[in-house]
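*Asks:* Listed here are the chains, written in short residue letters.
There are 2 protein chains.
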Amino acid sequence: MSTRKMPIPQHISQEAQEFLAPAVTTTENDPAPQSTEEWLAFVKASNASYAPFVEAITDSTEVTIEKTSIAGVTVRIITPKTLPDNKQDKILVNLHGGGYVMLGGDQSIMEAVGIALAGQFKVISVDYRMPPLHPFPAAVDDGLAVYQSLLKEYGAENIALFGASAGGGLSAAVTLKARDQGLPMPACLALNTPWSDLNKIGDSYFSNHGVDPTLSSYEGWLGHMAAIYAGEAGFDHPLVSPVYADYSPGFPPCILISGTRDLLLSCTVRLHRALREANIDAELHVFEAMWHGFMTMPEGQQANLETIHFFEKHFKL
Amino acid sequence: MSTRKMPIPQHISQEAQEFLAPAVTTTENDPAPQSTEEWLAFVKASNASYAPFVEAITDSTEVTIEKTSIAGVTVRIITPKTLPDNKQDKILVNLHGGGYVMLGGDQSIMEAVGIALAGQFKVISVDYRMPPLHPFPAAVDDGLAVYQSLLKEYGAENIALFGASAGGGLSAAVTLKARDQGLPMPACLALNTPWSDLNKIGDSYFSNHGVDPTLSSYEGWLGHMAAIYAGEAGFDHPLVSPVYADYSPGFPPCILISGTRDLLLSCTVRLHRALREANIDAELHVFEAMWHGFMTMPEGQQANLETIHFFEKHFKL
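Chain order of the listed sequences is P and R. The opening residue of the first sequence carries number 1 in this note's numbering; numbering runs sequentially from there. The opening residue of the second sequence carries number 1001 in this note's numbering; numbering runs sequentially from there.
Keep in mind the hints are simulated off the structure, nothing from the lab. There's no promise every hint is true.
What the hints assert, rightly or not - Computed list of lysine-lysine pairs in DSSO-like fashion (alpha-carbon distance at most 27 Å, straight line):
1) R:K1067 / R:K1177
2) P:K316 / R:K1313
3) R:K1313 / P:K313
Claimed, not checked - To list a few chain R residues with every Cβ distance to chain P over 10 Å, as calculated:
4) P1031
5) T1036
6) A1048
7) A1056
8) I1070
9) T1082
10) G1104
11) G1105
12) H1134
13) V1140
14) G1223
15) K1316
16) L1317
We treat Cβ as the ideally placed atom computed from N, Cα and C, and that holds for glycine.
All chains should be modelled from the sequences, with the hints used to inform the complete structure.
*Replies:* Structure below.
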């Protein structure tokens, strides 16, 4: 498939211009791991590449990170050095990204620490079970078990879920399953570039192929991760691809964030429409020339501010 | 420039699938009119192509259309057959699209009638002056003159402005100029795929080149219309390209609508960000696989419902 050369805008941050400068290389021709052992080796190598960054965060004096378990699920509790009085009784639950396969273990804290620091919130990062050992619905079950346990401790109105990419889809899926079990709904959800359709359906899977510098194609790893996650449930299951879920009034307010170069732009706007057509309070933010998970850029700080503002509004702070 | 073949999604309406089926032809190699006479002939031919559609609307018993003038500006007042009691004192002002050059005269009513019928609102469609005879700021001055006159009759809180494409940019520009003159602000603005940057800046000018079936390229007519509209003011003037304007609290709430195949997707999301970064209440809706001005599709009805809902909310109906 051809890739399109997009000019780098001069009005975006210097950091973003530099990030976009190198040619995008797609993974479409990279052989995906085949066996369980190959997948585990793939994940191990991925985690190793993030280790220095994670160690720097862990050593920071700005947050404390406590590894523990809730309802049998491994979690890490991230507490910012300063936790304002009006946020002591609030809890954010993060379901990390990584294509339902990567970024577990110590690496699972990255998004959670970003939001904990930006918003001065306490965050529980869920180290949910993943393929190749644990396909769907293990991740949903783990997220739900943590949510259910927190309900007793905090109350639904003091809980918000958030996640990026696979973690965005998973945040929606956990909430849908909680609803279907009759549990009270959290205050709100923040879905950052949510992987709402594991099928290759959506304009941006095509338009941003070879354009998105971090998630450059569906071919290669992404489609293979979809397959080992969904397993027998298939891509059309509403808890696998929550764009196909039945939303109805009572589902919590959502914020959705993407960028014009995001491979999952269509996943994001399609989920926003699904929510709006069910009359759910859902706000959309699309950042010009930004890609899948641009949170370390100055534009990402703007996106995080929108998310924090949204949490504070729905927590009535 | 290469064009990208995008698959037609099966999840959009049948009407939209049929609209997208023919290959997109760009106007990039079409010679643009050069002289005043050539532009006037171009506009005349464009208007003639819409005439049967406009005549059908004019003959409809669902609306009455009265041509008159307000503050010296030609307008058409569109009144739906049923005007609910709680909307009698509300007025919508439409600034039509057409690249600041086309769709004036009898053709200017098309968007206004759509919203008048969908929302049962009375709409004043402004037939503002345009190039080649009247470049910027004539259009802004005409819109402002009508708004100023309506202020006395209705009060700012009962007025909303809306427009698509050039009319979206113009709605923002008129409001900015009103603000700078110290006039009270309207209740809200609806900006449908607003032409917020007349420069060729923005990812979607590239990504949707040859993809958008109705506005296929900046080259050809669009860039030339930008030039004859802006004239000496240039494309960076904040009332020509309102993405460059200074927004600040007090600017009215806005709804912005676009689609993933819209040549002006980036114009839309950039203006949304400009508003949000000034802390203006601004909501964004992006429709999957939809193009510039998809309002006649079933998805366009969904978009119009969002707009109507937004008007009713900000009119406190």
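*Asks:* Determine for every hint whether it applies to the structure shown.
*Replies:* Hints and how they fare:
1. R:K1067 / R:K1177: Judged against 27 Å, a Cα distance of about 26 Å means the pair holds.
2. P:K316 / R:K1313: Answer holds: P:K316 to R:K1313 is near 21 Å, not above 27 Å.
3. R:K1313 / P:K313: holds (18 Å)
4. P1031: holds (26 Å)
5. T1036: Holds: least Cβ distance 33 Å, greater than 10 Å.
6. A1048: holds (34 Å)
7. A1056: Its Cβ never comes within 10 Å of chain P, the nearest being 29 Å, so this holds.
8. I1070: holds (35 Å)
9. T1082: holds (24 Å)
10. G1104: holds (31 Å)
11. G1105: holds (35 Å)
12. H1134: At roughly 30 Å from the nearest Cβ of chain P, R:H1134 sits farther out than 10 Å, so the non-interface label holds.
13. V1140: Non-interface label on R:V1140 holds, nearest chain P Cβ at 23 Å vs cutoff 10 Å.
14. G1223: Non-interface label on R:G1223 holds, nearest chain P Cβ at 15 Å vs cutoff 10 Å.
15. K1316: holds (18 Å)
16. L1317: holds (17 Å)
In this structure, none of the earlier numbered hints is contradicted; all agree with it.
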